[in-house]
Structures are given as structure tokens and as C-alpha cells.
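Q: Spelled out from the first residue to the last, the chains are:
Protein chains: 2
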Amino acid sequence: MEDRELRTLNHMLFMEHYTGGNAGLFMKMKRLVYSYQSPYQRIDIFEHPEFGMVLVLDGITMFTEADEFMYHEMLVHVPIFTHPDPKRVLIIGGGDGGSLREVLKHNSVEEAVLCEVDPYVIEASRKYLKEMSIELDNPRATLVNENGADYVRKFKDRFDVIVVDSTDPTAGEGGHLFTKEFYVNCYAALRKDGVFCAETEDPFYDKGWVAIAFNRISSVFPICRMYTSFMTTYPSGMWTYTIGSKTFDPIKDFDEERVLDFNAPLRYYNSEIHTAAFALPNFLRELTGQF
Amino acid sequence: MEDRELRTLNHMLFMEHYTGGNAGLFMKMKRLVYSYQSPYQRIDIFEHPEFGMVLVLDGITMFTEADEFMYHEMLVHVPIFTHPDPKRVLIIGGGDGGSLREVLKHNSVEEAVLCEVDPYVIEASRKYLKEMSIELDNPRATLVNENGADYVRKFKDRFDVIVVDSTDPTAGEGGHLFTKEFYVNCYAALRKDGVFCAETEDPFYDKGWVAIAFNRISSVFPICRMYTSFMTTYPSGMWTYTIGSKTFDPIKDFDEERVLDFNAPLRYYNSEIHTAAFALPNFLRELTGQF
Numbered sequence: 001m002e003d004r005e006l007r008t009l010n011h012m013l014f015m016e017h018y019t020g021g022n023a024g025l026f027m028k029m030k031r032l033v034y035s036y037q038s039p040y041q042r043i044d045i046f047e048h049p050e051f052g053m054v055l056v057l058d059g060i061t062m063f064t065e066a067d068e069f070m071y072h073e074m075l076v077h078v079p080i081f082t083h084p085d086p087k088r089v090l091i092i093g094g095g096d097g098g099s100l101r102e103v104l105k106h107n108s109v110e111e112a113v114l115c116e117v118d119p120y121v122i123e124a125s126r127k128y129l130k131e132m133s134i135e136l137d138n139p140r141a142t143l144v145n146e147n148g149a150d151y152v153r154k155f156k157d158r159f160d161v162i163v164v165d166s167t168d169p170t171a172g173e174g175g176h177l178f179t180k181e182f183y184v185n186c187y188a189a190l191r192k193d194g195v196f197c198a199e200t201e202d203p204f205y206d207k208g209w210v211a212i213a214f215n216r217i218s219s220v221f222p223i224c225r226m227y228t229s230f231m232t233t234y235p236s237g238m239w240t241y242t243i244g245s246k247t248f249d250p251i252k253d254f255d256e257e258r259v260l261d262f263n264a265p266l267r268y269y270n271s272e273i274h275t276a277a278f279a280l281p282n283f284l285r286e287l288t289g290q291f
Numbered sequence: 001m002e003d004r005e006l007r008t009l010n011h012m013l014f015m016e017h018y019t020g021g022n023a024g025l026f027m028k029m030k031r032l033v034y035s036y037q038s039p040y041q042r043i044d045i046f047e048h049p050e051f052g053m054v055l056v057l058d059g060i061t062m063f064t065e066a067d068e069f070m071y072h073e074m075l076v077h078v079p080i081f082t083h084p085d086p087k088r089v090l091i092i093g094g095g096d097g098g099s100l101r102e103v104l105k106h107n108s109v110e111e112a113v114l115c116e117v118d119p120y121v122i123e124a125s126r127k128y129l130k131e132m133s134i135e136l137d138n139p140r141a142t143l144v145n146e147n148g149a150d151y152v153r154k155f156k157d158r159f160d161v162i163v164v165d166s167t168d169p170t171a172g173e174g175g176h177l178f179t180k181e182f183y184v185n186c187y188a189a190l191r192k193d194g195v196f197c198a199e200t201e202d203p204f205y206d207k208g209w210v211a212i213a214f215n216r217i218s219s220v221f222p223i224c225r226m227y228t229s230f231m232t233t234y235p236s237g238m239w240t241y242t243i244g245s246k247t248f249d250p251i252k253d254f255d256e257e258r259v260l261d262f263n264a265p266l267r268y269y270n271s272e273i274h275t276a277a278f279a280l281p282n283f284l285r286e287l288t289g290q291f
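In order, the protein sequences belong to chains A and B. Reminder that position 42 of the first sequence reads as 42 in the UniProt record's numbering, one-by-one numbering, no gaps. Reminder that position 99 of the second sequence reads as 99 in the UniProt record's numbering, one-by-one numbering, no gaps.
Bound-form chain A, shown alone:
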């Protein structure tokens, strides 16, 4: 049996080609547990010998269980702690449930809507990604199967925080979530002091999209700031996020005390990281025009 296991280990390799196609990450696959072509995208889940389960959409790594906390904590807690009293939160994408799990760590949140276009992602996550899907049945959560760009159009002055947990702009349905029209509709769906946050790609392989997303968001929201976090199995390990805000500044209006009083377990985010994440290296200052 051990020999057979070893053969499997050595024979299956997942290779993600990064933008440009000239580099990428490879990961050994212990076993492929799920593989399905949904109406929206190809979904693969495999077990890695060290990183636990790995979710892949259209050939792009969404996360490994070993490092998903970096991405999900930083995508969610930075905008949530920017808003002084977030009650209604909308998550667009993120059908795996990782962002929802982080949102529901906040007791102030009364309603968290998860709008995922692809029901097969939710189904697969429930079955194979137990750490991700743990809050999908929380009574404070509402699951909606709809294109996020269409869904957000229905609301005016409704949400305190909108979090966009999308795939890449060039994969699956991700493209809809990087248009100016979408950002305008998010602005309208937010209450008068609402906070928007989106993942906005990596600035080494995909700097074009980083600049496009930032410029579009900053053309819609009066306060706009980019921040970064490590995300060790994403392209380049350097991930950007962009906050668009109507009233609250994520740095100047940040109340450190709320984080210090926060009881839920966090493995990445803390009050120092919140502010430090907005310090941009010079090449990112230039890319975004933020100094």
C-alpha cells in the first residue's frame, strides 16, 4: 500500500501557468478528489501532501488549506474594521465559504449575503473543504446563486460592506467583477457610509490588471486605497486589495481598540498589520499614483 501511495504522489503534478505563461507554481497531488466542468468553469479539488486540500478554478489556484487564512483574513477584516458598525455585508464570489467564515466572526454582522454564481463551487466546498464551508449554514448567512454583477444592481443604499472575492478577471465569470459599471453599482448598493473591498490581483505578473482595477475603483469612490498581503501560493506571493469608501478612511478612521477587543482567532490580521498593509513599495506607489 505504501508503495502504491508513493507512486501516486510522484506521478501527479498540478502546474499553474502564471500570466505570460513563462513561469508558474507546481504542486504535487496526493489525490484528485473532485473534478467537474460546471456551466461556469472547471472546478478541481486535490489533496496536497503538505497543504491539505487545494481548490482550483479554470486551472488557477484559489487557495490551499495551509495558507487560505492569509487571503481571507486580509480581504475581509480590513474593510470590516474600516466600518465602525457593519451590520449588513455582501460577499460577491467566494462560494467556498472562506470569506463568509471571516465575516461571521464579527458579532455586529446581522446579515451576510453570499452571492456565488456557480452552485457547484458551494456544493464541492460543503463536501471537501470543511474548514472553508463551516459557516455556510449559519442562520445569519443567506446564499444566493446569481451573477454578482447582476445581483448588486438590484439594491440601493442597502449594505454596509461589500467584499468582492472573485476569480481572476480573465477566468470564468471574474471579468464582470472588474468593470467600472460593476463598481458604480456597488457604490449605489452601499449605504451612505459604506465600504467596498475587492481583491485586485498581483503586481508582478499581472500589473496591468492591478492598475486597471485601482483606477476604476478610485474613479467611483471618494476614498480609495490599495493594500497588500502575502498569499504564499498565489502568483508572486504578493497580493493586492483595493478599498473604496464613501466616508471612512481605512487608516485615519481605523480604531485599533476594536481589533484588540476582538475575540475570534486570527492567524494573520492584527491591528499593526491593518495599517502596515497600506504602506506600498515604490513600484506600487507609481503603478497606482498613490504617494
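A few of these clues could be false.
In this list, chains with the same sequence are indistinguishable; a pair is considered to hold if it fits within one copy or across any two.
[To be verified] Here are the computed lysine to aspartate or glutamate pairs in the EDC-like style, where the Cα-Cα straight-line distance is at most 20 Å: (1) Lys207 with Glu50; (2) Lys246 with Asp193; (3) Lys252 with Glu272; (4) Lys127 with Asp150; (5) Lys130 with Glu272.
No lab work stands behind these hints, which were simulated from the structure alone.
Using the hints provided, position chain B relative to the given structure of chain A.
A: Chain B only, in chain A's frame:
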């Protein structure tokens, strides 16, 4: 000719297996320009279709020309700006010249000693890595071909700053530069207000070494702090560095004005990044015991 070029591009692949062997980065090779087994290590230099030249020692990527600035600027400017008046700087390792180039951007530096054990790295860098080796003949630079652990033992109360630009602890001669004995000798070779800084690996694939290096350095220096930077083609993209200091605290004693007055071009480091880099995610706080 174009067809031939394309064939080459598609057929040569560099694959770096990260610690554990279950994941890694692959890069296409446009052409291999240098490959040599020196007495110390295997040295390869190839041209990548996007990233320029790539230096590889014992199968481990030292840098690509596209992102080396992240590593070299953060390894050098954080300790140099921690010291108020760095005159004598010792670089251990770094035979490519990248760290030396950054050190010599500081006009206060009168003497920069580069101690590289492997003369073939220096020779190859002069020939193929023009952006790295640009300052190797600067009159303020002294090149020494010697094992850094042996060299540093000769000095007492000599240097203002020591920068350790080593290979991994498990590769080539890197292991000597991760011992407590070496850190003790660096302490002795530093002047009474000297500052030490070393690259201390990535905390995703190599967290064991991150903890070992930090604990050893903190057992020798009264002030010890870890910081991080992105380094997009290193394992996980998340790199750690550890400062050991006799007198000056890299955060409390940091003089932002000196950075604002600094004229040399920088693509990563700035005064906000200096302080922000010391904000550690929770899992790194736990790994190092720093809160």
C-alpha cells in the same frame, strides 16, 4: 530564426523544488548562458523571456533581474537606515554585487567589504549580471574571497553594519552563516553601536529555519527584530530578515527624514515601508515570540 527561438523557449524549463519537495516554481529558459560546478556550488545563469537574467545556486533561485530590487533594497536599507552614521559596512555573501550596489548608494559609507567565498560567482556576475555587478569596482569597495564565517572572526569593534546575503542554510556554504557561533563573531566584529542584518528564509516552506535563525540572533543581540518583504520569485514570495542591534532600535530610533532626503533611486524601500515591514502577521509573531 524565429521558429528556432520559439522551439528553444518551449523546451527548456527550470524547476526549483521548495523545501519538502512537494511544490516549487518553474520558469521557462530562453537560453542558458552560464553553467559551472565551482568548488563550492553549482552556478547557473539563464535568461528568462520576461525576467531578464536569473542566477541559480545549487538549484535555488538567487534572483531574477525583474525582482531582485525587492530583496536587495530590503536586506540593505533597513539596517543601514537603522544606523545613524554607517561608515564601514561588511557584506557576507552576495558575490553577485546586488547588496554592494545598494550599500554604496549611501554616501556616508567610506568602506564596503564584500566577503564572498566563491570567486566564480563574482566572475560570472561581472560577465552576465551587469545590473548587479555595476559597483564591484567602486573604489570604496573591497572584495575578499574567503568564507564569511572565518573572515568575520578576525575583527573586533570594526564595522558599523554587517549584512548577511547568504544562500539557504542547506545549500552550498550557507550553513556556516546560520550558526550561533557566527552570530557571536559578528557581534564582536561590530562596533559598540553596530547593526547586524541577515536574510532568514521564508516562513511558509521553511518555518523551522526562520525560527532557528531568529532565536539564535536574538540570543546574541540585545535588540532583535524580524521584518518581511515580498520577493516574488523566492519560495512563497514572503521573505524574512532579522536585525540584531547593540544600541539602535530599528523602529524607535528610525529617522524618517534621512530617507526623505535620500537621493538614490529606490523601487521598493521607502520610509513607510521601513516601519511597516516590522508589523508581523500573527503566525509570525507566534513563530518568533514577538508581540
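Q: Take the hints in turn and mark each one as holding or not.
A: Evaluated hints:
In this assembly of identical chains, Lys207 and Glu50 lie within 20 Å of each other by CA distance solely across copies; the values are 13 Å between and 30 Å within a copy. In this assembly of identical chains, the alpha carbons of Lys246 and Asp193 lie at most 20 Å apart only when taken from the same copy (5 Å versus 48 Å across copies). For the identical chains of this complex, Lys252 and Glu272 are neighbours both inside a copy (13 Å) and across copies (15 Å), given an alpha-carbon limit of 20 Å. Proximity of Lys127 and Asp150 under a CA criterion of 20 Å is satisfied in neither setting, with 28 Å inside one chain copy and 57 Å between copies.
Proximity of Lys130 and Glu272 under a CA criterion of 20 Å is satisfied in neither setting, with 30 Å inside one chain copy and 39 Å between copies.
Figure legend: structure checked against the earlier numbered hints; hints not met, in rising order: 4 and 5.
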